[in-house]
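K.L.:
Residue numbers (the numbering used here), protein chains in the order written: chain A, 1 to 746; chain B, 1 to 193; chain C, 1 to 259.
If you are wondering where the hints come from, they were derived from the structure by calculation, not from laboratory data.
Every residue, glycine too, gets a C-beta built ideally from N, C-alpha and C.
Treat each hint with caution, since some may be false.
If you want the ones that stay clear, here's a sample from chain C, every Cβ over 10 Å from chain B, calculated [claimed, not checked]: (1) D107; (2) N137; (3) S168.
Rough simulated footprint, nothing fancy, chain C against chain B, three-plus residues with beta-carbon under 8 Å [to be verified]: (4) 9-20; (5) 51-60; (6) 154-162; (7) 165-177.
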Amino acid sequence: MTSPGDAPPVKPPPSFSPGVPRVASKARYPDQRRDSSPALGSTSDLAGSRINTSPTPPLSATTADLPIRIASPHARSVRSITPQLTRSTLGSPLEGRFEGSEDIRSLIARAFSPVVAVYASADTDELVRQKGFKGGFWELIRPFGEDVHGKVVIRDIIGAGHGWEDYGVHFVDLGGVVQNRSPGQDSSPLAQVEEVLERQLNSADDPLVGSVQPNDVLGMPSTSSIYKFFLRQLLSASPVSSHETFRHPVACVIAISSRNTAPLESLRQLYADTSNGDKKMPPWVHSEFLRYYVLVHDEDRDDITESTKLYDQMKRHFGLHCHLLRLRSNQCVVTDDDSVRVPECEWLSPSEHLQGVGQTDGVPYLFDSDVMAIKTFVRELVAQSVIPFMENRVAVWNDQVASRRRGLSGRFMSLSRRWTGFGAGSRSSFAGSGSGGVSGNYDAVHGFYKPDTPEAILRKLADFAFMLRDWKLSASTYELVRSDYGNDKAWRYHAGAHEMCAVSMLLNPLAISGKTKLETVDQMLETACYSYLTRCSDATNGLRCLTLAIELLKSRGGSATESATRWAMRAMDIGLVGSIGQILFSERVSACYASKVGLGSGVWKQGSRRRKAGMWSVFAADLWLKNRKPALASASLEEAERLYADVLDTDGVFPMPEMQSFIDNLRHAIRVQYLGARGLDTDEYADDSTAPLETQATEETSEKLDKRSHRRSLMGIPNSTDPGSLNPPPVTRENETPSHDDFERA
Amino acid sequence: MSYYFTILSPTDAPLFNIAFGTSKSGGDGIARFRFPDTAQYMNQFIIHSSLDIVEEAQWMNGNLYLKHIDTYPPAQAYISAFLTPSGARFLLLHQPPQLPSTSSSGGNTGSSSLLGSSFSASALGGGSSGRASSSSIAANPTAPQTEEAVRQFMNEVYENYVKTVMSPFYRVGLEIKSPVFRARVTAAGKKWL
Amino acid sequence: MAHPRHGSMLSFGGGPNNTTPSEKPLFQNAPISTASQSSPGLRVPSNRKTIYDRHLNRSRNAELSRASFAFLFSEMVTYAQRRVTGIQDLERRLNEQGYPLGLRLLDLLFYRTIAGSSSSSSASALSTSSTTSSPPNRPLRILPLLHLIHGPLWRLLFNRPADALEHSVSPDTPNEYMITDNDPMVNTYISVPREMSMLNCAAFVAGIIEGVCDGCGFEAKVSAHNQPSEMWPGRTVFLLRFGESVMEREVVLEKAGVK
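This is chain A alone, in the form it adopts within the complex:
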């Protein structure tokens, strides 16, 4: 018995044909076959001939640079002549999936990087502006924070070290944190995300659309870059808020330059500003964060010995958290010998995108020496100051607050607190006691816990652990507090703790095993969603929660992918995503289904979700088309065909007629729209293109055969209803025994 994929692509067609029109089409079949067989031999010939017949030069160009193969006959024949290739790529879904999911997990982990505020003196900003960075010092160092050079080693709570290659921090402008990003508040963050996506897709020479295709050509269901873009946007969309501390600064970089006339006084003034001046944090931000002092030395104008002297002085006054950053103040241009392009900011928020941040022209070049200096500075800041500081805080809080709550007495306290208010009055600073059945720590009027209450500290502990990627500790800590928030009716906190608890559990590579755990996760996500959406009307965080759930469940594989698809459909159903988000989610559902590998590896397979994946890809293609994005629609359709290839006959014919006609129409519409978008005469081409469609259809139906070999005998029933039918023996000339050809048995 041959396996399905090994079956020779060209087989004598069984005359099994349910519909009358198909029988009729068969009459033309032998000619068709002769026409198409050279094309099957070499697709390039076919493509070439098509191009030659095309009327205008620009058309040949468009057809040639259309790797997504709008003219799908090519794609079909490619696939049908290379079943081995398809199988070999499909045969190793694990590698691709693993890589892809690691990618997404890394992206999610990086989204929750520690935030470092930047507060520079006016003279520093002035120096940097000379270099061409209008936003000042913050704008200069921001892109470098996102990817800390080299491996960063972080100790978890037990003291075991883990090295991370992809660690980073987010530099933010201190003023931005304080003002809570008011400028872009006229529309909701989700609408902004949608708008940014729209803009991105519409931009003239679209880099994203272009980069969709390599994935497609590779044939692996990897994440499209537009989706990753969406994910980054979504994860950076939520504003600074009280219920989670990811966006609260962990440290603050205070910078002065060598031009400053009174350096130490300036530093003191800047420090004072961060504590209680006009740059004072909102009341719900823990005031205890690391201050890091930077002296920016102007290499071009100032004397290094002076700066070194000053730097020594700084170290004496402010301790170890200091750095001397040597930069040149001259602007660098492309033509300079050692010019280096400044990396692009990966984590721009949607409102920043809309304001056009990062699209200013002429800026992004620096001297090589400057780049090296900044990289060194960032690495030192992160590895020697920020991370040790966070590790220390985690250890202290865990010791002082969390351990007590975890212990027996803590449980008792929390119980008594819940039921009797027994612990009232015992305001011992920690130990999780409140002033009654409902803890008085929650300020219901303003909607936050004061930063020194146990609830807030536990949350901060968990967030720190999360940012340090100690997901085990963070999960257990969220677990610890999540019910407290519920008792206090602090719904946003409640939602956040459930959300992050689930996310931590999913991120922890070891945690989940078995169905019960998954059910717990699902339950927590459910609670989080309900709290976010229903109790707080917080769509942004609701969607973030669902999206994180989808991605992490997907990366878990197995039965978790089913959950992932359920959440994705839920997000679409309740209208959290806009029209483009809808499409991206459809594609995501498809990817989830496609990533589910079935039982059984070789000849016998089951448990895959190819049909479902294909269906969602088709829907995505349809939606792309409705949004007038024919290139993306075509890519989706291509993906659908690839997914369906496994379950359909060799030529990708759908058994169900309405499905087939829908797909045919879709393909046609995409082609027409694509050519229309290229400014070609669609009418003329539309007429032209119907012809290939027709021939294609006949080819499909007549080559319909069953590739699951064990079923071949099923089809081996005598096919001609009676000898006088319109099915003369010569039609199936490839069979050896003409009179008995109907028994197609190997």
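Following the hints, complete the assembly by docking chains B and C onto the known chain A.
P.N.:
Below, chains B and C without anything else, positioned relative to chain A:
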């Protein structure tokens, strides 16, 4: 409740299909799916996609009637399956009627740009009313009563299918065109669903 | 040419539900009979009864004349022999004639056990094979399938179970099973010429078995072989060779604990 019933051969070729509505509790027996009339292909897509689940369940469960096996949440479409011993698949898609209040939360073709402040109310409305509709027995596709009714329906169709197969003039794997068979299935639908 | 004969054989072997020739079944394969209700091609028998009006269990215990069967079968063999190139080809033809029969028998077999599960005789029909009493399960593993063939199928066809069921002892061929019939009914009145001593017309029955296996989703090749013993000169062994995918599935289902 609207129904779409299909018989598929082991090679996924459709042998028979019919759409009908409920005749219980004052129904007129006419199918009203949630898709617009131009999107009736959706039924076939959904049915086809649930074959993934059928193929998995087929080897874990030896019963002929596999019960409710799959759901397509965006359209609240539920799929029940019955496998004949010779491998033909009977698939029934059932869809509760669309309530007027949930018009916003329709299938994925519907409008969805409910961003911003207005969304939460509608999301709430959609969710809760969906739950409400599923609690009434007549419209609940996963209730034991529904399962039982579908089972009876399937068994009756199975009987007629066997009769069709026993006909010397029918070849296994061909479309069933008999008007008598169609009438029988319609009658079974009226009787049970 | 082949088909009408086939058809009549089918209903003949497929249970004696065609005993009254006056009841003409619905004629379906004429090209004119479309799905429309008032098609002129639809011919309803004079007594207004189509096959859908007959009960499938009605003829369950009816018996068939062995002579007429023998006559028909010999005609089939003769017909098949007319155009063949050799013994193997002949056996292939016979196998192919039996195959569709197996597919249909399967549905009938299960139907009768469901519909007649109240009566005692049918309950026993599948009781040897199925693990639960009623409703019967589709066979998921090889062994229940073999029991189904060995017991209920044989009883339906020949009114007695087959004589033996064996698994290949060779480690090279774990996918081979044997079902033995000491005196196959189909061969009773067949006398094989000396020069064709290899021929076993029970290839027809092998085809039926193959149809049953395939219908249940067990890809298999089945062949009939002469293995005379002193006591049973007509002893026939049906060799079942299951395909690779079946064996692979067996392993997976074994792990999953499916019986």
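K.L.:
Look at each hint and say if it fits the structure.
P.N.:
Verification of the hints:
no. : hint    : in the structure
1   : D107    : 5 Å, violated
2   : N137    : 3 Å, violated
3   : S168    : 24 Å, holds
4   : 9-20    : violated (count 1)
5   : 51-60   : holds (count 3)
6   : 154-162 : holds (count 6)
7   : 165-177 : holds (count 9)
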